[in-house]
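Given chain A's structure and the hints, the job is docking chain B onto it.
The listed protein sequences derive, respectively, from chains A and B. Residue 10 is where the first sequence starts when you use the working numbering, and the numbers rise one by one after that. Residue 27 is where the second sequence starts when you use the working numbering, and the numbers rise one by one after that.
Please note that a few of the clues may not be correct.
[What the hints assert, rightly or not] Here are the computed distance ranges between Cβ atoms for each label pair:
no.	chain 1	residue 1	chain 2	residue 2	range
1	B	Leu37	A	Ile81	34 to 44 Å
2	A	Leu326	B	Leu37	22 to 32 Å
3	B	Leu61	A	Asp143	23 to 33 Å
4	B	Ile267	A	Asp166	37 to 47 Å
5	A	Glu97	B	Glu281	13 to 23 Å
6	B	Leu61	A	Thr135	49 to 59 Å
Rather than coming from a laboratory, the hints here were simulated on the basis of the structure. Quick reminder that beta carbons are idealized off the backbone N, C-alpha and C, glycines included.
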Amino acid sequence: MTESDLIISTTNLTKKYRKKSVVENLNLAVPRGSVCGFLGPNGAGKSTTIKLLLGLTKPTSGEGTILGDSIIKDSVRIRERVGFLAQEPRFYEYLTARETLRFIASFFFKGSNSKIESRIDEVIYTVGLDKKADRPVKGFSGGERQRLGIAQAAINDPELIILDEPASALDPLGRRDMLQIIENFRGRSTVFYSTHILDDVQRVSDMVVILNNGKLIAQGNIQELLAGNRSQFYITVRGDGSTISDKLQNISWINNITIEQGIPDVNNDRTTKLQVNVTNPSTAENELLRLVMADNETVVTEFGRTSYELEDIFVDLVEGESENAR
Amino acid sequence: MLARTSAKNWLRGFYPIFRKELFRRLRNKRWILSLVVWMSLSAVPTISLAGGNSSPSVSQGLGMLSLFLWLGTTPMWIGTIVISQGAIVEEKLTQTLLWIFSKPLSGSAFVLGKFAAYALFIAVMMLGIPALAVGIFAVIYGLTVNYLLGYISSVLMIYLLLLFILSLTLMLGTFFQKISSVTAIAFMVYIGGASLNVNRYLRLIEPYSFAALQRYAVQTAAGSFPMQAYFAIGVTLLLIILFLFIASWKMERYEF
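Isolated chain A, as found in the complex (with noise of 0.2 Å):
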């Protein structure tokens, strides 16, 4: 991937407050397009990140560029291509969300008062606001302001989105809502949006930033992140499961076999489930199950290659790099 597929680009970003680092040698690359979720524990540094892209914070050393443009030197003029969202978005509260975005729309645009107003129209239509729109911000319910805040990031059609924590005040339904406007920007433009509401990230994102005390560890696309270990298989037999244990212990491309009890089966019996560790992917993808099929006695109720859920991968990559840290 070359420098000009990245939209969000840094070499060892770092921030520190006294002499504490609250951001450490960060090496983001985020290449255009994408939907990246920015994942971290409470106090991993995700805020700190975002304002660092856009400005709103100066590095201690490092330095990074969104859209090509330096962070440092730069910030007026990215802003003006980036939309932002905030934790906790803060408004005028006695701006309407109309006369909101407004007051925003004119950072960006100048001339036509009918366009704008179009312009305006046609956010608060795609937030779902329409009905209160012309309401004083003071009167917004959480999802509102949050709704208004998606708006006004989205107001200059920006090719980049940074949003801040967009859905963890939100109930239910809002959250819902808010991943359904996330997953619309989808083609128009890059979103990158922290989190740590692992389940969302897996729904909308196609990349994933995972930070920890101010370190990445880990970055890249979701899909390659949750396939996890392409070696490991996983085989549900009826019984206790030596017997094809026994077997597959003998054979050379295994490497090892760990056994857990299993779910019982639709009558009731005991399964056992055993994971299979193999040295070559593509002859177990081939030979695995015609080993174990080949013994009679054998019932197979659940075959495949092991995958893992986002919220695996999260906490054994926090709590690793955690335990490497002390």
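Positioned in the frame of chain A, the structure of chain B alone reads:
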């Protein structure tokens, strides 16, 4: 196709801030309330105290102007501090500052936009219309028209004094996180300036400082423009520019 704004970087966002601040002050016919308040605090007491005691004469008209320039402007400098004390600190406290600075807004445009909006409000609502009313009544009470040029110069000097207080208060807002700190220091500076005469050494600089502007305004309205007023005007202007520069510099470096 929407046309994109093309202001220079250091002025990016000036117009939205300027317009928003004016809207805040004047929205929903609030300007009527502002006008009533400022007329009641400065023009009405002056007109009722100085007018109608004797038959119309030049001296009665001049007395009205002097009363307005001395006493009528006192609520104005207090009012300038009061209306602008939270202009920047409130944005920090409510965190709207983070929001607006995530848009293409430079620190200098933020400060200058606020300054321009408040300056316009002061020029029209706080000083301009009451001064106009007093001027009209002064003419009715016997002031000859040839004094009006001096009166306009006097009002401009008072305006400069109010802009000095405004720029000082805005600058203080960039340094502090509490409105009370801004208010206290702004009051101390103004009262300290007005008290320069109590010390025999400080008394030497008083004629060249902002503190003398009110006295020069009264003298100018009466027909005598002291030469030292030029220095006081120059120094005050420079201080306003310096305060705005420092405030802009501070906002450019503000970390969220």
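Verification of the hints:
1. B/Leu37 <-> A/Ile81: 34 to 44 Å: violated (21 Å)
2. A/Leu326 <-> B/Leu37: 22 to 32 Å: violated (46 Å)
3. B/Leu61 <-> A/Asp143: 23 to 33 Å: This hint holds: roughly 27 Å between Cβ atoms.
4. B/Ile267 <-> A/Asp166: 37 to 47 Å: holds (38 Å)
5. A/Glu97 <-> B/Glu281: 13 to 23 Å: Because 18 Å falls inside the window, the suggested range holds.
6. B/Leu61 <-> A/Thr135: 49 to 59 Å: At roughly 41 Å between Cβ atoms, A/Thr135 and B/Leu61 fall outside 49 to 59 Å, so the hint is violated.
The structure is inconsistent with the numbered hints 1, 2, 6, although it conforms to all the rest.
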